[in-house]
Amino acid sequence: MAYYPGCSLNATGIEYNISAKAVAKHLGLELWEIPDWNCCGASAAHSTNHLLGLALPARNLAIAEKEGLDVAVPCAACFSRMKAAEMAVRQSPDMKQTINELIEMTYNATNHTRNLLDVMANAVGIETIAEKVVKPLSGLKVAAYYGCLLVRPPEIAQFDDAENPMSMDRIIEALGGTPVEWSFKVECCGAGHTTALPEAAAPMLHNIFRNAAENGADCFAVACPLCFLNLDMRQSEIKKKYSAGYNLPVFYFTELMGLAFGYAPKDLGLNKHFVNPMPLLDSKEILRHPSARREEA
Amino acid sequence: MERLELSTALSQSRQFVANLKKASQVDIRDCYQCGKCSAGCPLVSAMDYNPHQILRMLQLGQVDKVLHAKSIWVCAHCATCFARCPKEVDLPRLMEALRIEAKKRGIIKEKTVDLFSDLFLDSVQKYGRVHEMGMIAFYNLKSGQLFKDAMLAPTLLANRKISPFPHKIQGQQAVQKIFAKAKAMGGERL
Ligand code: SF4
Ligand code: SF4
Chain H
1 MAYYPGCSLN ATGIEYNISA KAVAKHLGLE LWEIPDWNCC GASAAHSTNH LLGLALPARN
61 LAIAEKEGLD VAVPCAACFS RMKAAEMAVR QSPDMKQTIN ELIEMTYNAT NHTRNLLDVM
121 ANAVGIETIA EKVVKPLSGL KVAAYYGCLL VRPPEIAQFD DAENPMSMDR IIEALGGTPV
181 EWSFKVECCG AGHTTALPEA AAPMLHNIFR NAAENGADCF AVACPLCFLN LDMRQSEIKK
241 KYSAGYNLPV FYFTELMGLA FGYAPKDLGL NKHFVNPMPL LDSKEILRHP SARREEA
Chain Y
1 MERLELSTAL SQSRQFVANL KKASQVDIRD CYQCGKCSAG CPLVSAMDYN PHQILRMLQL
61 GQVDKVLHAK SIWVCAHCAT CFARCPKEVD LPRLMEALRI EAKKRGIIKE KTVDLFSDLF
121 LDSVQKYGRV HEMGMIAFYN LKSGQLFKDA MLAPTLLANR KISPFPHKIQ GQQAVQKIFA
181 KAKAMGGERL
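If you read the protein sequences in the order shown, they are chains H and Y.
Under my numbering, the first residue of the first sequence is numbered 1, with each subsequent residue one higher.
Under my numbering, the first residue of the second sequence is numbered 1, with each subsequent residue one higher.
The set of hints was computed from the structure by calculation and includes no laboratory data.
Where is the CB? At the ideal position from N, CA and C, for every residue including glycine.
One thing to keep in mind: the hints can contain errors.
Stated by the list, open to error - Simulated pairs of lysine-lysine, DSBU-like, Cα-Cα distance not exceeding 35 Å: (1) Lys66(H) / Lys181(Y); (2) Lys183(Y) / Lys96(H); (3) Lys65(Y) / Lys66(H); (4) Lys66(H) / Lys109(Y); (5) Lys183(Y) / Lys240(H); (6) Lys104(Y) / Lys87(Y); (7) Lys36(Y) / Lys141(H); (8) Lys111(Y) / Lys126(Y); (9) Lys241(H) / Lys183(Y); (10) Lys96(H) / Lys181(Y); (11) Lys70(Y) / Lys241(H); (12) Lys21(H) / Lys177(Y); (13) Lys126(Y) / Lys87(Y); (14) Lys126(Y) / Lys266(H); (15) Lys66(H) / Lys177(Y); (16) Lys181(Y) / Lys272(H); (17) Lys109(Y) / Lys126(Y); (18) Lys126(Y) / Lys21(H); (19) Lys96(H) / Lys70(Y); (20) Lys111(Y) / Lys240(H); (21) Lys111(Y) / Lys241(H); (22) Lys284(H) / Lys241(H); (23) Lys96(H) / Lys177(Y).
As the list claims (entries may be wrong) - Simulated restraints, written as ranges between beta carbons of each label pair: (24) Glu88(Y) / Phe159(H): 16 to 26 Å; (25) Ala9(Y) / Glu33(H): 49 to 59 Å; (26) Ala264(H) / Lys87(Y): 45 to 55 Å; (27) Pro86(Y) / Pro279(H): 40 to 50 Å; (28) Ala184(Y) / Ala264(H): 49 to 59 Å.
To be verified - Stretch by stretch, here's where chain H covers chain Y in the computed footprint (C-beta under 8 Å, at least three residues): (29) 7-18; (30) 35-45; (31) 53-67; (32) 108-122.
Kindly produce the complete structure, drawing on both the sequences and the hints.
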């Protein structure tokens with residue numbers, strides 16, 4: 001399967017990249033990184049120029065198509081842009097021609113773009129994931145946070161419910177953890193607005209933290225580098241601003257998979273978080289599980 | 001309350017609405033003002049007009065007012081409204097088309113949002129990928145928020161989350177070509 005990490009996974013989202021690759025390998029899923037991939041343009045491109053917003057992702061998809069490969073995309077925002085390009089080409093021959101002209105390559109949209117969460121939950125499958133667990137995440141209460149673009153709009157995402165998605169919850173369960181029921185699974189985290197319009201984004205983040213804490217979560221699982229950054233890096237700011245008392249480590253769902261598969265925290269990038277996840281993992285005795293010794297030795 | 005010259009406004013806005021439909025695939029007549037979009041919009045409190053009000057204003061021909069609205073800059077394109085709309089009105093796409101049009105006319109109601117996406121695209125155009133560190137530095141400089149996020153930068157650097165150097169790709173020129181061509185074509189939908 002082709003793999004499109006996207007810009008964030010080489011920078012602020014590096015733990016996602018590290019853990020995704022480790023876990024995929026462990027599951028026998030071969031990820032072929034698209035050579036010389038370019039940025040998908042994110043929301044900046046499509047809110048500036050429609051064609052640019054379609055052509056930038058199409059170039060990457062065209063490279064993967066040449067190899068006859070479907071594309072796994074870990075970032076929710078990249079996924080949404082790539083999928084939009086795929087649909088545009090699939091639905092309109094005129095658009096296909098325009099895009100092909102723009103990228104000076106042939107892209108017929110014969111391959112499929114899939115979110116990494118979809119790949120893990122549905123292509124690899126929950127049972128296979130459960131079979132690999134050596135260090136169950138017992139007692140860990142996790143709020144699965146999907147954010148807005150992972151499952152929406154439904155005609156683009158096409159793999160889970162738009163209001164109450166369950167893929168990540170099912171994975172958490174398979175890992176031995178406890179997914180909590182809460183109301184802000186798909187609420188927007190503010191995306192780039194945390195930088196551009198912080199006054200507007202602050203209450204959005206605060207609501208997400210509060211609702212997760214109120215429903216008994218002791219951490220988050222996410223599947224998007226931007227969600228991660230907003231939840232992890234901004235938490236102390238928000239806590240100060242609203243004098244709130246929660247302390248909720250944030251995990252990429254692939255990090256949780258890695259932990260349950262027996263990988264050492266630092267091999268998954270867990271030492272790079274703003275909200276230190278170690279005390280929580282320690283208190284749940286997840287790190288002190290007997291099979292943890294293998295990596296710690 | 002301000003008075004509306006409905007018939008003149010409507011005839012004057014007819015062309016605009018037709019172009020808007022072409023650019024966004026949204027037929028503003030589809031909306032029957034149930035308000036579900038605004039009820040679920042996470043950014044509604046930062047908007048000057050709620051999403052369903054933007055639609056109503058368009059239906060009434062108040063084009064200028066809409067293009068001057070903050071809302072079209074504040075929308076984060078999260079698609080909550082679209083997923084819930086009983087009439088499948090693609091509001092994020094409409095907001096996006098309105099923002100592009102406003103910018104073309106030089107109306108930029110949220111300068112920071114505009115700056116942020118411009119810098120992002122500059123980086124992509126230059127290197128083929130986004131250089132987060134360079135972008136954040138430039139953004140803080142240009143938006144006059146020099147010390148904003150300054151506390152976060154050392155940790156990001158120490159964790160090797162951001163690099164002081166941009167990552168360039170070999171296909172830089174291919175990407176630059178895409179930019180030039182898309183610009184030349186005006187980015188209009190077919
Ligand atoms: S949800 Fe749809 S129909 Fe209802 S007001 Fe919003 S755009 Fe109009
Ligand atoms: S897409 Fe825009 S208008 Fe719709 S819910 Fe999200 S922020 Fe609000």
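If you check each hint against the structure, which ones fail? 3, 4, 5, 9, 13, 16, 29, 31
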